[in-house]
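Chains as they are written, first to last, in the numbering used here: chain A, 1 to 430; chain B, 431 to 728.
No lab work stands behind these hints, which were simulated from the structure alone. Think of the CB as a built atom: it goes at the ideal place given N, C-alpha and C, for glycine as much as any other residue. Take these hints with a grain of salt, some might be off.
What the hints assert, rightly or not - DSS-like cross-link-like pairs, simulated, lysine-lysine; straight-line CA separation at most 25 Å:
hint, chain 1, residue 1, chain 2, residue 2
1, B, K488, A, K137
2, A, K144, A, K163
3, B, K488, A, K156
4, B, K518, A, K163
5, B, K492, A, K138
6, B, K492, A, K156
7, B, K488, A, K138
8, B, K521, A, K163
Claimed, not checked - Which stretches of chain B does chain A cover? Using the computed rule of at least three CB atoms under 8 Å from a CB of chain A, they are:
hint, region
9, 556 to 563
10, 600 to 606
11, 613 to 620
12, 720 to 727
As the list claims (entries may be wrong) - Sample of chain B residues facing chain A (criterion: CB under 10 Å; computed from the structure):
hint, residue
13, E477
14, L478
15, L482
16, W484
17, F664
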Amino acid sequence: MRDTAIRVENLGKLYQIGQRLTRYETLRDRIALFARSPFRNLRRLWTRGKKRELEYIWAIKDVSFEVKRGEVVGIIGRNGAGKSTLLRILSRITEPTEGYAEIRGRVGSLLEVGTGFHPELTGRENIYLNGAILGMKKAEIDRKFDEIVAFAEIEKFLDTPVKHYSSGMYVRLAFAVAAHLEPEILLVDEVLAVGDAAFQKKCLGKMGDVAKEGRTVLFVSHNMGMITSLCPKAMLLEEGRLVANGLASETVLTYYNRGRFSPHAADFTCNGQRIGDHLATLLEAHIEDMDGNLISEVDIRHPFKIKMRYALHEKVPKPPYPNFHFFDARGEYAFVSSGNTYMGSGTEVGTYEAECIVPGYLLNNGVYFIGLALTFTYQGIHVSFYEKDALSVSVRDPIDETLDEIRSGYSGPIPGPVRPKLDWRIEKVS
Amino acid sequence: MRDRGPLPGFEAKRDNASKGPSGPVSIIRPTRGLAGLGLGQLWEYRELLYFLAWRDVKVRYKQTFLGVLWIVMQPILTVVLFTLIFGKLLKVPSGGVPYPVFLLAALLPWNYFASTLNRCSNSLVGNAHLITKVYFPRLVIPLSAALSGLVDFSLTFLVLIGLLAYFGIWPSTGFLLLPVFFAIVFFTAVGFGLWLSALNVRFRDVNYLVPFLLQIWMYSTPIVYGTSIIPDRFRWVLAFNPMTGVVEGFRWALLGEHWTEGGPETALFLVSIVTVVIVTITGALFFRSTERTFADII
């Protein structure tokens with residue numbers, strides 16, 4: 001109990017449609033509505049309690065979960081799945097309709113970048129204003145002021161009203177203030193989706209630091225790469241309900257392929273689906289260890305196998321080659337690997353299995369997404385299927401064991417999409 | 431946490447990591463019925479209160495040519511205009527002091543009241559972007575609106591002091607009661623402001639109502655005229671308007687021995703105070719009890 005930071009039980013929030021959700025589309029509609037509204041409102045008062053014609057919608061319903069102190073948990077889901085509502089309830093902006101949540105620790109929420117920024121005020125003034133709004137004390141802001149300015153890279157424009165800032169500068173300043181909040185529990189909603197790539201990278205680094213400092217973070221994002229690289233765990237919301245809660249890699253794959261397969265073993269023929277074309281279709285794929293057990297997590301030192309079954313529907317003059325595309329957690333290409341066409345893979349109609357062994361000491365630690373493809377080359381290049389993010393595997397580096405063995409005593413993060421073991425030679429030359 | 435290695439660029443900050451389980455425990459669940467005032471929490475957020483008030487003041491006269499001078503110009507122009515109409519043309523009796531002084535001593539609390547009530551009632555809607563994105567005690571918003579008017583009040587006060595000096599008028603010892611009168615103005619404005627701001631979230635009609643309300647209120651308060659022209663049998667009605675006692679109090683306290691109409695009557699004054707206390711407390715309770723729906727309907 002002591003190390004629980006957030007506990008949520010059967011949380012639900014009911015919204016009345018028409019309160020928040022209707023949008024008046026045209027000016028004409030608006031005028032018409034405006035003209036009618038006094039009478040409508042009177043009538044509503046009259047019929048109140050007699051007839052309930054209003055519609056309600058559960059923005060979230062029956063959501064229960066627990067987050068331990070120091071955990072960084074991603075929340076994913078489609079638009080309108082209830083992610084933001086959940087954060088709004090946890091940050092006490094709005095009340096739940098039912099259920100219960102218990103939060104241990106000072107909460108900081110970051111639902112928007114630059115909340116309360118005033119365009120007429122200068123950068124300096126907005127730092128103080130925004131800081132106070134986010135819950136910082138003046139002394140705290142004084143202490144971090146220089147750091148915030150340096151992070152935002154706006155030294156020269158500190159005394160310019162922010163309305164003259166470029167949108168990039170504005171976002172940088174806003175994020176810089178927010179990033180220097182130091183609550184024990186941080187609730188973040190999609191705020192990193194702004195700014196240029198370089199600054200996003202910087203923000204990502206800052207978020208990573210926050211996580212390492214042992215703070216509890218709930219992080220909503222649409223960027224699956226960000227979720228998997230920042231959050232070891234993730235939750236998936238769908239139509240207000242919590243449908244998955246576990247390893248980020250698995251939750252992300254569940255999100256991508258909801259209801260179709262599990263992330264490390266995928267059946268592509270269920271539900272009458274057909275992935276491929278008249279030449280070939282994808283049937284099944286999975287990841288297994290060298291003993292043939294299905295796995296979703298692998299030791300960085302151990303090799304593992306990716307197996308893919310596909311069907312050829314026509315006799316072809318030249319065998320196709322299967323190719324596997326590896327993406328790191330940020331969604332960037334790590335590498336592509338393919339079997340070649342001279343391996344004796346068949347040209348006859350039938351079912352085939354392709355197997356690829358990924359050696360130990362090749363991938364870095366982290367989550368990898370694997371795309372599966374089959375390519376024909378006898379009439380130019382023809383791709384029968386390419387299923388991106390079909391499988392995922394989480395590569396783990398057990399530091400306790402690898403610290404001396406492969407890390408030479410260094411325990412920090414090691415960047416890069418791969419971390420191959422190469423041949424080294426070191427000798428004294430003079 | 432494991433030890434982080436010494437490689438530059440990779441070391442992680444960890445000053446907060448080992449604090450252990452601490453901090454407040456908050457429970458979030460649906461609430462029903464009346465809410466408490468939550469004054470303790472309000473006190474924790476006093477710096478935000480200050481910053482929001484400071485923002486309002488800063489922003490109000492940005493990009494104006496005269497800037498802060500406007501704060502002083504407004505009451506001066508009003509005094510000139512009203513003196514011409516009510517003092518010279520209509521010859522309203524002004525209780526033994528020059529009409530401009532008579533008027534400004536009453537305009538000083540009234541302007542603060544009117545602008546505060548106006549700002550308070552628009553404050554929540556005007557800060558909707560904050561309410562839907564950040565949590566803090568919502569009372570901070572109307573209160574900061576009330577605080578930001580203090581700057582205008584102080585500067586107008588300086589103008590009045592100048593005017594008193596010009597006409598050679600020395601305040602009586604009743605001067606010491608000014609803080610009491612001011613407290614009444616403050617709480618009358620805040621009390622009604624809390625009611626109106628909370629109602630405004632659901633019914634924007636309040637936006638249109640307040641200017642009329644203030645206009646009627648101003649003319650039913652002895653500002654351009656003195657209490658002396660009201661028949662005695664109607665005077666008890668005035669007690670329910672706390673601003674009457676306040677305006678009389680300000681004149682009595684500031685205009686000294688020149689003032690011939692005397693101070694507010696104690697009995698009527700007490701009725702005013704009770705009215706203010708009731709309005710303020712019910713206003714705060716109404717506000718607190720409806721604030722949980724603000725973010726959903728604003």
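Now for the hints, and whether the structure bears them out:
1. B:K488 / A:K137: The given pair, whose Cα atoms are some 20 Å apart, holds under the 25 Å limit.
2. A:K144 / A:K163: 23 Å, holds
3. B:K488 / A:K156: 22 Å, holds
4. B:K518 / A:K163: 48 Å, violated
5. B:K492 / A:K138: 24 Å, holds
6. B:K492 / A:K156: 21 Å, holds
7. B:K488 / A:K138: Judged against 25 Å, a Cα distance of about 18 Å means the pair holds.
8. B:K521 / A:K163: With Cα atoms ~50 Å apart, K521 of chain B and K163 of chain A exceed 25 Å; violated.
9. 556 to 563: With 5 residues close enough to chain A, the hint holds.
10. 600 to 606: violated (count 0)
11. 613 to 620: With 0 residues in contact (Cβ-Cβ under 8 Å with chain A), the coverage given for the region 613 to 620 of chain B is violated.
12. 720 to 727: Check passed, 5 qualifying residues.
13. E477: Hint holds; E477 of chain B Cβ to chain A Cβ min 5 Å, cut 10 Å.
14. L478: 5 Å, holds
15. L482: The hint holds - L482 of chain B has a Cβ within 10 Å of chain A, the shortest such distance being about 8 Å.
16. W484: Given a least distance of 8 Å, the restraint on W484 of chain B holds.
17. F664: Interface hint status for F664 of chain B: violated (36 Å vs cutoff 10 Å).
Of the hints listed earlier, those the structure fails to meet are numbers 4, 8, 10, 11 and 17, in rising order.
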